[in-house]
Each structure stands twice: as C-alpha cells, then as structure tokens.
Amino acid sequence: MPDAARSEIMDAAGLNRTITRLAHEIAERNRGVENLVLLGIRTRGLPLAERLNARINDIEGQMLPLGALDVTMYRDDVYQKIKQPEVQTTEIKFNIDGKTVVIVDDVLFTGRTIRAALDAIVDFGRPMAIQLAVLVDRGHRELPIHADYVGRVVQTTAGQEVRVKVREIDEQDRVYLVEAKKER
Amino acid sequence: MEFNRKHLLGLEGFSREEIIHILDTANSFKEVLSRPIPKVPTLRGKTIVNLFFEASTRTRISFELAQKRLSADTVNFATSTSSVKKGETLRDTARNIEAMKIDMVVIRHGAAGAPLFLTQCVDASIINAGDGQHEHPTQGLLDLMTLRDKFGDLQGKKVVIVGDIAHSRVARSNIYGLQALGAQVGLCGPSTFMPYQAEHWGTEIFHSIEEAIEWSDVLNVLRIQLERQEKGLFPSTREYRRFFGVTRERLEHAKRDITILHPGPINRGVEIESELADSEFSLILDQVTNGVAVRMAALYLFSGLNKETTDA
Amino acid sequence: MAAKLSTTKLERVLFTGGQVVDPEHLTQKKSDVLVEKGRIVDVGQFDGGEFDGERIDINGKIVCPGLIDMHVHLREPGREDEETVESGAAAAMSGGFTSICPMPNTEPAADTAEVIEFLKNRARDLLVDVFPIGAVTKGRKGEELAEIGALVAAGAVAFSDDGDPVSTAGLMRRALEYSNMFDVPIIEHCEDKSLSENGVMNESAVSTRLGLPGIPGISEDVIVARDVEIAQFTGGKLHIAHISTANSVDLVRQAKKRGIKVTCEVMPHHFALTDESIAGYDPNLKMNPPLRTQADVDAMLSGLKDGTIDVIATDHAPHSIEEKETEFGVAPFGIVGLETALGLVMKYLVQAKVLTLPQAVAKMTKAPADILRLERGSLSKGAPASLTVFDPGVSWTVDKAAFKSKSRNTPFEGWELVGQVFGLFNKGLWWQPGQ
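Protein chains in written order, with the numbering used here: chain A, 1 to 184; chain B, 185 to 496; chain C, 497 to 931.
Bear in mind the hints are in silico, worked out from the structure with no lab data behind them.
Check before you lean on any hint, since a few could be wrong.
To be verified - What follows is a list of derived Cβ distance ranges for each label pair:
1) C:Ala775 / A:Asp11: 56 to 66 Å
2) C:Pro828 / B:Tyr380: 21 to 31 Å
3) C:Pro828 / B:Gln381: 25 to 35 Å
4) B:Arg242 / A:Ile145: 40 to 50 Å
5) C:Glu673 / B:Arg242: 53 to 63 Å
6) C:Lys634 / B:His384: 37 to 47 Å
Think of the CB as a built atom: it goes at the ideal place given N, C-alpha and C, for glycine as much as any other residue.
Put together the whole structure using the sequences plus the hints.
Listed below in structure tokens is the structure:
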C-alpha cells in the first residue's frame, strides 16, 4: 500500500498509552479486578489482551485468567466465502461461570465478530456479565452491539480499512487507515 | 495456505502442506470436543448425507458425531443390503441426492472408485469414508494426527503397517499420508498379503515381524479379516499369530519405545496380543478421539468450495 | 437408431482408380475392379469404353477384400436392448466390415442348430455376412459337448465357450478331437478362473494403487500353455481369442515353431491402450482380458509384425449405459469395437509402421477367412465380391453418439483416428456412409 493512501491513527507510544487508559477504565468500572477474566479474539485481539493483562497487573497487582477465542467456527459468513477461513484454536483453560468476561479485540466494525464471540462464550459457561474492549471503533455497525471500553473512535467510510499492527505478530506497533476496496 | 479441493477422495497426491493444514484445523476442532458444550454452529444449514453401502459402525458413528458437533443436518442412508440388492444403482442414488439438494456426501462403498464416480454425477462435495481396497483418507489422517500428537514432526520416522496390505484401504491412505509428511513406510505381512508390485510405493517390505519391529518407531497393526483364511491367503490364525502377531515380548525385545496404532476393530489375540492393545504402547483410544476431530476438519474444509454465490 | 442401413443392388460394377490391396499377395497397386453378379470378374486396367454397368470412382481410395471381424458379440437372442444382428451389422458396416462372427454367449446360447439358423436368417437380407460361432458345450456350461456336427451343418464356422474358457483340460481334449473331424477350430478364451478370481483389471502396480482386484497375466498364460499342448496331442485346430500378454504371445510363437496348429487374434484396445489409462475408474476401460502393461503392448506389436499374431478382431461387446455407467468393479466387462477398429489399426499399426497396409489388411481379411475356411478374403477371379473401400488419408474424431451400434461403451470417445470408410460391396449390394 503506498504511503499516500494511509493516515496514521496511533503510533507505538499512542497505542501504549491507550492500553494503559483502557486498563484503568476496566479496573475502575469493575471496582477492582477480582472477578474478571480476559478473552482475546484471535488474531490481534489476543496480544492486545495480553498487554492489557500486564498493565492491569501493574495497576492492581494481579494477573487475570486470560483465554484465546477463535470465532471462525461461529461466523455467519462461512458459506459466503470461496475459501474456508482458517480455523485456529480456542484456549479457555478456566471456568467462566459467574465471572465478568472482558472480550478484547482490535477493531469494532459491523459487530458480527463480537456476535460470534458471544455465541462462543455461552458455549463455555454462564458468565455474570460480558464486556467488550476494543482498540478502535470505526462505526458502521450492522448489529446492536457496542463497546464498553474504546481506545479511539475513528470516522471511516465503507471503502476504508483500519489496520492494526502489533509487534507480537507484525514486528511493529501502529494503527492506520487505508483506502482499500477489498473483499471482506 | 491455498486449500481449494472440493472432494476428499484419497490422500494420494496430497502435498505435505495440504495435509498439515487439515491436521492443524483438526487440532482446533479437537479443542471443541473438550468444551462443556462440545458443539459449534459452523455447518449450520448444511445438509450432509451419509451413504453407507457397507456395514460400518465405527466410521459411521465418528462421522455422525463430527457432523452433530458442527451443527450440520444429516441424513443416513445405509444400504448394505436393501436397495443395492433391489437393483438400485449408485447412479440412481446420486440422482436422488441431487434432487434433495444435499451439500456433502460421505460415502463408504465396497467398490474402489465409487466416490470418484459420485463426483461425476452430483455437485455436492464428496468425502470418501472407505472405497473397496482403495483408500480411507480420514482414517489415514487420524493416524497421522495421532502420530503428530506424539512425535511432532514425522520426518524420518519409521512406520510399519502390519497385516493384509493387499486388501487394505487403510494401508494405502497411510502410505500416501505418511510419505507426504516425510516418514519412511514399511509393510509387513505374509507374502500372500502383499499387493502386486508393492515395492513401487518405495516402501520397505518385511516378512518377519521381528525385523519389522527392529526397524520401526511405529507399528500400525491392521485387522486380520478371518475370511481371508478361507480364501487360502493364510493357513490359520495360530500360524499368523506365531509369525506376525504383535506381542509384548516381541516389543520389549526391541528395547526401544515403539508406538502401536490399530484402526479397529481389534481381533484380540490374533494380530495383536489382547493386553497390548490397552497398554502403554498403544495410542488406540487417541485414534478414536482424533477421528472425530479429523472428520470435523474434513467436513469443514471440504464444504468450502461448494457455494455457487459469493460476496466477493 | 439401429435401423437397417439402406443399400443399392448393383449387378455389374466397375470400381475405377482405386489402390487395390491384395492380402493374398501382400501387394498394393492402382487397378480397377470389375464385379458381376456378386463375383469378381477381374482386377486390372479396363478402358471400359462401352461398359454399361455402374461405375464407381474410387480414385485415391483403398479397395480390399471385405473386412472380417471374427470375434463379436451381437447379444441376439436375449439382450436385444444392447445389440441385435441388425444393429450389429450396421455397426460393422459403419466400421468397414462385411463379415462378422458372433460369439455364442447369448441367451439362449448358440449351442443348437436352431440358434445358428436363427442368426443366419436374421442376417439374410443384410449386406453383412454373419458367420456364427457355436458353443463348445451345451449351455456353455463346460460339461457336455454341444452337437458340433449339427451346428457345422447349420452354418457354424468355429466353436467357443467365449466368456469362459473350456472348463477342463479333459474337455478341451475332447473338443479338439471332435471338432477336428469337421475341420473347424476351437476358439479359446484363455483364463484360469482360479487365478483371475474376482479380478476386474490387470494385476499390476496400477491395480495395487487403485485398490482394484487384479487379473494376473498368468491366468491367461497357463491356459494358453495348457491348450497348445492339447492341440499338439490331438492335432486339432486351436485359435487363441483376444491374446493380451507378452508371455502368451511367446507361447504361441514357440508352439507355431513346433508345428502345432495354433493361431491367435489381438484386439485393437490391447495394442492401443495400457492399464495406466484406468486411473479414473472409467468402466469403458474394463474388459476381459484386461488392458495390460506397455511391455505387453510392445509384445502385441512385435507379435503382429513377426506373424505370431494372425488376426485382428474386435471383441465388440455392447453393454447398456445402465450397466456400464456404474462403479468400475460392478460394471460388466467389454467394449464396443466394430466402429473404431479400422481407425485404430490404421493409426497405431500402419501409420506407426508396425505393419504395411497389405499386412494389416491380411490380418482382417485373408487370415480370419483361412482360419474359419470362409470363401472370403480374396480378390481372385470368381471369388465372391466382398469389398471394403476406404480413404486411408482422412482423419476423423470418434463420436460415440454417431455409432450405429445400440451401445456406446467405448474408451475411444474423442480420439482422432485415421482411415475413413468410403463404401462397402457385398452380396451384390453397395452401401456408403450417410446413405
């Protein structure tokens, strides 16, 4: 993608500050983190959840149970793809009954991924509450879903895409907007 | 990974990458099986028909469970006796399937090539659940998955398939799959159980179980069909056990860690010592669990190319 | 479909300008052929200035004795849905044959004079001559000899239990002894069923890979070996049907050197295809004997070349679509062959320089005529005028939908072959494709 087509939303430092703020908000809203568990949605929600967890530990002195959620099996667009999306492993090695589950993802867009995540979570148990933390909310919701914790709200057009890069996967931290007309 | 096959007819011709992709996908589905609610909506709305022209309890149950775990709608059509004898041809059955708007067909048939034949008559994806003496690809995949769970990479591992290779579809799928993953394959059994020109597969051939055990890391022990005795392919189960039976004594003599697989159902005390099937050498129960996971992966991956409309 | 092809009755005909291939002398030269009242008057150059018969210009075409297929299955009586004498004859004409010899494995089997007479009658008004082959044993059951003498009197030209071998060595001995009195050959389907068992294709690396039960080459070889010994012992005439293995060709070669009265035939599919082609489980590649290996194909070619293989026949075996459109293992054995034989011979034997054109023609005319003692295969003065005229230079594509046979079970669909039938003359009748 040529640089001209990009516009920066966050650099590495900005991303770091946003995570810190989200960690504070989560702890504040829940009056501590006693009953919380984190579920990062694969692929990039997972490293973000890990960082949030580390920051929460800095603040509250406690690591939360953290799981990885792959929602491919719950997607409602499986039949509309020519190629089957790759299925990755879900790892939730703790009981979520009665817990407050915080779903962590990179970008909130149509809401369909979160819908799939909610379906997946209820197959694992009956949490007391489910909350959603996202790095970027780019609008264009197709379902009645909202985030409880938002790093940045970005106004976008349908033709744009928000790209989140994290160093765990992409060897850099940044968030930017591209003009891309890609199949979704 | 470019995975764009529509049918699973056999493992012959599958690349290492393709097989690993299926096995990785199977690992993801295996996790589902351990959940409190071991079911996902992935294939909701898909209709799958299980066409079993040969009696099979294990494979059919494994496929059905995999389908239920994926929320597919399934229809069972077991015709080992009824309509085939009435003269209904596979072609007629295929026409019915077409009229019923079935998305996938899982077929077990006594004639090699029957699944391929079906691909020529219907639009649905076809999964081969065993065709004659040709292939049984999901069995091959679950054997590979079980060995990968234990060894990781199979490159250079030595696997001997023991038994009636000539009449075994499990053997063929194992040979192709193991070789694709870089394993060395040996075949062991009486010469009457070896297919003509078996050496063209590039496999080692053993007529002594001791030598086979000496060479191998894994023994995949096939079920001996007792009716082969009547056809004069081996003299008696006693003689078979004496020369080819897998026993604890023989394994311990090798003084190495040897893993045992068996596609089941076991003739305890014939091809394998009864106690050994349940021992520390055996991965037979892992095979059963992995069977469901592998079939979920196959159903998921091979349902992909079956949609005319796309939103691309 | 399968209606009788319309022909023209011609009393006096002069075929002008054709290349005459004479299988008796293995020559080919430009000559005219004069025919009167169904007999050949002369072959040579005629100025024919005041000739008042029909002149047919066949400049650039080959004219030779009418082709004979000594191994076909016409399915009548019993399976008229698959083929009849009439539709089989039409297929023969479409393929350039003027004589065909139907095998007796019908329902009922051709094991009585009545069935032989029935077949002769069914063919009476057709251009094609039908020379039936009778069953060696009653009901082809391999138990008691059929009434071979009565069958010969009714018109049977040879005897065979084709589809099965003559069941035992003892019975074969009696069959060869008995048939020898009437100077007719026993045509043997060489297959030891205890070796071929439930096999459906050649036993080879290919059958191993495809998981299909194999028919080993030795199941053919042991019967060839058995029968040449019995032929020597009895002095009877033995003809090996559809030879397919290198070993069998060699056994026949050695037997001929020993002076044993043995002949053999090969089918075009056994020199044009190998078992490798079965990879897609197409039942139209399933026949018995099965397609063999390249080494066997090479042996067929050298056997044709050195004369070990006397005859090219087709084993034309029609089967309904319902029976053939099924799993390979379940489908019946056999393919249709009448309408592709000449094209395959021209392409794979003549163009490939395995045989000269006169040699190839001899194996489809004079050789079968000699074995069956038919007054055919000759262009001598006074011989019955049975002629095949074809254009050796024309390529054409096999289109099974255009077959005159009632059945479509060919593995050669879409193949480009060489040599197109121009016309046939037999029994005083002239026919051209499209007529």
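Now the hints, each set against the structure:
no. : hint                            : in the structure
1   : C:Ala775 / A:Asp11: 56 to 66 Å  : 59 Å, holds
2   : C:Pro828 / B:Tyr380: 21 to 31 Å : 24 Å, holds
3   : C:Pro828 / B:Gln381: 25 to 35 Å : 27 Å, holds
4   : B:Arg242 / A:Ile145: 40 to 50 Å : 43 Å, holds
5   : C:Glu673 / B:Arg242: 53 to 63 Å : 58 Å, holds
6   : C:Lys634 / B:His384: 37 to 47 Å : 45 Å, holds
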